Amino acid sequence: MNSIKRSKWLASLFLLPFALFFIIFQIAPLAWVAIHSLQAESGWGLANFSKVFQSRFYRQAIQHSLEISFWSSVFGLLIAILGSYSLRKVDSRLRDFVNAFANMTSNFAGVPLAFAFIILLGFNGALTMLLKQAGIIEDFNLYSKTGLIILYTYFQIPLGVLLLYPAFDALREDWRESAELLGANAWQYWWNIGLPVMTPALLGTFVILLANALGAYATVYALTTGNFNVLPIRIAALVAGDISLDPNLASALAMILVGLMTLVTVVHQWLLKRSYHVAR
Amino acid sequence: MSRAEPGTTRLYHRLMVYLLFIILLLPLAGTLLYSLATSWSASLLPSGLTFKWYVALWSDPRFLAAFGQSLLVCVGALLLSVLLILPLLFVVHYHFPRLDALMNILILLPFAVPPVVSSVGLLQLYGSGPMAMVGTPWILIGCYFTVALPFMYRAITNNLQAINLRDLMDAAQLLGASTFQAAFLVVLPNLRKGLLVALLLSFSFLFGEFVFANLLVGTRYETLQVYLNNMRNSSGHFNSALVISYFLFVLVLTWAANRLNKDKS
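Protein chains in written order, with this note's numbering: chain A, 1 to 280; chain B, 1 to 265.
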């Protein structure tokens with residue numbers, strides 16, 4: 001049995017390089033942030049956090065982040081539900097094509113996406129002009145909360161389709177037929193069978209979208225050159241800006257963001273365990 | 001489905017799919033048109049078409065440098081990831097299956113900790129001192145390893161489960177191979193295709209990474225995304241050509257990954 005022990009010992013040596021790199025680039029920075037969020041000029045304590053929550057500016061950043069994430073996730077999810085359900089019902093050539101296209105556009109985010117939207121929907125954007133001339137809108141400001149929600153919704157759609165499309169596997173066609181046979185109409189079927197079966201998958205997708213939007217930095221930075229007040233922009237400005245650097249305060253803001261993300265991740269893992277299409 | 005759907009339902013589903021496609025296509029199509037336009041303002045369509053913005057872009061040495069530097073960083077990061085993750089996965093699945101549960105929690109970290117948060121710590125830890133890396137491509141390679149980790153880990157795990165690692169290893173060892181030989185000559189070739197797909201997809205999202213690149217390195221080792229952001233004040237047509245060139249490159253990569261994936265099954 002000695003040789004097995006030795007080979008196990010040797011094998012565990014292979015874990016070391018990975019552990020080293022993971023600690024340097026993932027654990028250590030996070031630990032630094034966690035420790036320094038509790039450090040202020042006055043010493044150890046929650047001073048940074050109380051500073052954040054007392055400041056109207058930082059409260060606004062948190063609120064903007066939550067609002068934009070929430071609404072873009074709702075709209076993204078709705079479009080993804082309608083889209084991916086219909087995707088299952090069309091012929092396979094169209095389905096494969098649109099599915100592949102959605103997959104590819106999931107890489108179309110961040111700086112390039114912001115630029116594309118400026119060209120299309122900026123002050124002199126082609127679509128803005130078109131809609132103005134048609135008299136549908138008076139004015140449109142892409143660099144506002146509404147503008148950001150539209151932009152975020154766009155990058156949520158491909159991710160939503162990607163996650164939801166397989167989830168519709170849980171809905172079996174014979175359930176629908178049985179329900180129909182027993183006299184249920186379409187609404188009753190969806191309300192009593194379809195929706196309850198799909199709920200964990202829908203909520204799971206929703207929280208993933210939420211996390212996706214909460215952590216997004218590149219898109220909003222590229223669009224507004226860091227002038228729109230959301231949480232990731234504030235964090236970055238406190239460590240890499242050119243006005244006032246305060247890494248400890250940045251750490252406190254970062255821990256708030258991590259807290260939100262952790263909550264989302266835990267909820268998602270819990271929902272994943274209860275969803276139909278993964279369990280079976 | 002044997003039962004024919006009523007015509008209106010079928011039409012509805014087709015319409016929804018077309019609508020989804022159009023929504024996703026619109027920003028890209030607009031950018032493409034803009035990149036080919038001589039000038040375009042206050043009218044529905046541009047006044048003329050030209051390739052001059054692409055010519056200008058592809059003859060800009062700063063763009064070519066940024067493109068090359070992006071390639072180097074991404075390839076470096078993926079090489080590092082394979083070197084670190086493959087042995088890890090092999091050891092975990094063959095020797096310590098119980099570690100898989102721990103790993104599944106650890107790989108959630110890059111997901112729960114957004115790059116902007118990690119950057120706060122990274123800037124302070126490696127800004128100066130014995131491990132000063134900020135401003136060099138090395139720190140990006142390390143960070144991109146953590147970005148690619150969750151995806152690579154899951155993708156390779158799925159492949160390992162599909163090939164029945166234990167049986168394969170036992171068979172190879174029965175025929176006289178050492179653990180090392182079995183891993184390299186039997187298991188690795190079986191993983192080749194799945195690994196290639198995972199690498200292509202990881203490459204396509206690493207290539208678009210901006211947060212680490214901008215906060216940790218910036219113009220000191222300009223990658224494509226940072227270059228794109230720094231060109232914000234140049235002509236919109238030029239920027240469109242840049243966006244479209246970037247997207248086409250990523251498109252080819254994801255298309256290749258898709259094709260490979262289909263061949264596999």
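Because the hints were derived from the structure by calculation, they are not lab data. Small disclaimer: the values here were computed from a predicted structure and weren't measured. We put the beta carbon where it would ideally sit given N, CA and C, even for glycine. Do not take every clue at face value.
What the hints assert, rightly or not - Some, not all, of what chain A presents toward chain B, calculated at C-beta under 7 Å: (1) V90; (2) S92; (3) S244; (4) N248.
To be verified - Here are the computed lysine-lysine pairs in the DSBU-like style, where the Cα-Cα straight-line distance is at most 30 Å: (5) K51/A with K145/A; (6) K8/A with K193/B; (7) K52/B with K273/A.
Hints and how they fare:
Contact between V90/A and chain B, as hinted, is supported at the beta carbon level, the nearest pair being about 5 Å apart and thus within 7 Å. For S92/A, the interface hint is violated, since its Cβ never comes within 7 Å of a Cβ in chain B; the closest pair sits about 12 Å apart. Of the supplied interface hints, the one on S244/A is violated, with its beta-carbon coming no nearer than about 15 Å to a beta-carbon of chain B, more than 7 Å. Annotation: interface hint on N248/A violated; nearest CB of chain B at approximately 10 Å, more than 7 Å.
Taken as a hint, the K51/A and K145/A pair is honoured in the structure, with Cα atoms around 25 Å apart against an allowance of 30 Å. A distance of roughly 28 Å separates the Cα atoms of K8/A and K193/B; the hinted pair therefore holds under the 30 Å criterion. Under the criterion of a C-alpha separation no larger than 30 Å, the hint pairing K52/B with K273/A is inconsistent with the structure, at around 54 Å.
Violated hints for the displayed structure, listed by number in ascending order: 2, 3, 4, 7.
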